[in-house]
Each structure stands twice: as C-alpha cells, then as structure tokens.
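**Q** The hints should help you fit chain B onto chain A, whose structure is shown.
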Amino acid sequence: MNLFRNYVLILITFFIFSGCYDITPEIKEQYIEGNVKKDLRKVSEEVVYFQKNDIKILAKHPDGIKAKPYTLNSDIGTLNNFVGTSYFKQYFNNVSYTDDKKDKGIYIKSYIKDYNFVYLLGYAIELKTQVHIEAYYDGQQVINKDYVSERNIYAMMSTGVFGDANLFTLFSEAFHEAVLNVYKNEFQKDMLTALKTKIPVK
Amino acid sequence: MIKKILTIGLLSSFLFGENISLTGETLSQLGNPYKIIFGEKNKIIKVYSDKKEIKLKVNSNFNGQKEEFVLENESVISVMKQFYGEEYKVIVDNKSDISLNILSGEVSLDYTDLDNNIQTLREIVVSLNIEMNINGNKINKKITLDNTLGDKNNSDYQGFITNEDIMNLKIMSVKENVIRIIERELFNIMKETR
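Same order as they appear, the protein sequences are chains A and B. Numbered by the working numbering, the letters in the first sequence go through residues 685 to 886 in order. Numbered by the working numbering, the letters in the second sequence go through residues 1023 to 1216 in order.
Mixed in with the good hints, there may be bad ones.
Claimed, not checked - BS3-like mimics (lysine-lysine), calculated; alpha carbons at most 30 angstroms apart, straight line: (1) Lys-1117(B) to Lys-882(A); (2) Lys-773(A) to Lys-1065(B); (3) Lys-786(A) to Lys-797(A).
Honestly, the hints are just simulated from the structure, not real lab data.
For reference, chain A alone in the conformation it holds in the complex (with noise of 0.2 angstroms):
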C-alpha cells in the first residue's frame, strides 16, 4: 500500500515540475500587418513562386525559470508560408504557391531551420530564429543562405490601458515580426544586390 501511495506521489510531483503546460502560438494577420506595406505599385512584370512548406511543429521549451513549464508547439511551416507570401505581396501582384520549382519569374525556396527564446522577468522575452531561404531568378539560383533574426522586446506597464498583453502574445507578435525581418531586411538586401548584380549571394 504503501508502495503504492509512494508512487502516486511520485507521480504527482512529476507533473507538478515537468513541462505540462501546452501552448500553441497562434498565426494572425494582426502580428505584421502594421509592419507590411499596402498600397504599392506593385510589379506586374514578374511572377513570384513560393515553395508551400508543410505543417511542421516544432516543440520548445523557453529558457528562463519563469517559462520552465510550458512548451510552446508552433508551427513553423504554417507561419513561412504567411510570413514568406506576406512580404511579397506588398510588391508582387502575383504570388502563388507551388509544390515544383519553377524555372521562370522569381522562384523562392525557403524554410525556418530553429527558434530559440528565453523568457525574462516582467514583461520581456528575447527570440532568436534562423531561416534558410534559396532564391532562384528564370532557373538561375541567386541565394542560398542562412539568415539569423533577433527579436527582443522588454515591456514596461504603461500608464494606459493594460491590454490583453501576456508572454505569449508577445511571443507570437516577436516570432511573425522576427520572420518577417529575415525577408525583409536581410533577404531584401541580398535578393536586390544579386539581382542588379547578377552574382549570386551565398
């Protein structure tokens, strides 16, 4: 009985500190849409191919005590595919999706490899993920290259209204907004200067 009553306990105490707190970061439009462009004049002249990425759910634990018990389960290829077609449609008229590579107009390849994030005290995190992108212009490849983004953000309470602000929230706006600063940044750079230049950027 007492055997028993041993190993309950045990038990209890395992899911009291092990990570049994599941959370999937949600992917919203809301995250970026303050930081996407509307109302360009788009290119019509070119086509844009994105390679659609599978659902792929990669499980983390944050670091940070404050975090221990949760794990976040985001998916990683859903949030590319938004992210990644987000980016181009501010300058792109056509964006679709493909499954082939193709070898006419812009074709994009590309893949988040890993996310790291640690959850501090109060409200602040610090996000730190890695994108894998090969661009490809009428066949030719003129990127292949891992791109690395940081995201941090440290929230005071303001005098205004508390929100519906929490870490997650926080956690999902920085990972789309960290995403988005890989195409748009990094990537923007690259994909111009290889395009002017004909020289691939590896």
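**A** Using the frame of chain A, we list chain B on its own:
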C-alpha cells in the same frame, strides 16, 4: 580664452538651430525597390523645390533642448526623386510638373520621468504646412505625424512602453527622428495626390 570660445560654440550648437537636410532614405524603405528593377520607365516627370531655409520651432517640456531646426527646403527634391523614381525618369527643372515646398512647421518633444528623475524622450511630433503644385493646381495642407509614423497601431502591447519606443527616441537621435518623420509626411502627401 580658447576654452571660452569652444564652450560658447558648443553650447550654441546644442541649444540653437541645427540644419536638417532630407535624403529620401526613409522612402527607399517605404516604396517598392523591386519596381525599380523590373518596372519599365518610359515617362518623364519634372520636379522642383525652392531654395530656402525653413525654421522649425521646437516646443519641449524639458529645458536644455534645441530651440529650432533649420530645414533646407531644396532637399525635398531628394524625397521626390525617390518617390517618383519608381515610375518615372525624374528631372529637376524650375518649370516643373510638380513642385513641393514646406512653408512652415514646428517640432514637439515630450519627455517623461521614468525612473530616478531621468528624463526620457517619449514622443516627437512634427507639424508642417506644405504647398504642392501639380500641373498648376495648388494644394495647401497642414500635416502632423508622430514618431510611430502611423505604423503598428494593432500591437497587442499597446498599453506598454517597450524598449524600442525608448531606444528609437534617444536624445542624440532627435534630428534623425525629425528627418524620418518629415520624409514620411512628404511621402504621405505625395501618395495621396498621385
């Protein structure tokens, strides 16, 4: 003696007017850089801005801030080149299709006491009176914009001051922030009237 002259020079450069020249760099991040590569440009547009200096008075709730910025109005041409360059071949000409001039304006700086009596710049607002002439049609407009540039209104942490709010507004970068805001204001009016 030399020390006195240097001190007075340093103080006057800090407290009084500082020249502002626009470059159009903000617009390169706002426009469509792919359009410049892929878009065809067969049309020509002539643009112009008057050569004059505009004093922008600074209103601040923190003593020791500059009293005014002096804007080189002619540098508005750089902003127009960047904006219309996506679609047209841009030529600077007095007999222009489009002229854009800043007539007057002011800058408001709002400091807040966040911690231990350290004054932290919280907000910059720039108001401008602008005159635009498009093929003989004159438009006068007053525009006002703050350092958020009208972006990121949908954040889930709207009720917070974040590290970025403060980092983007360091005292040393007031001038850069003012340039960024003015270029965005000009971009907005050119977009409206395109």
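**Q** Check the structure against each numbered hint from earlier and tell me which ones fail, lowest number first.
**A** Structure breaks hint 1 only.
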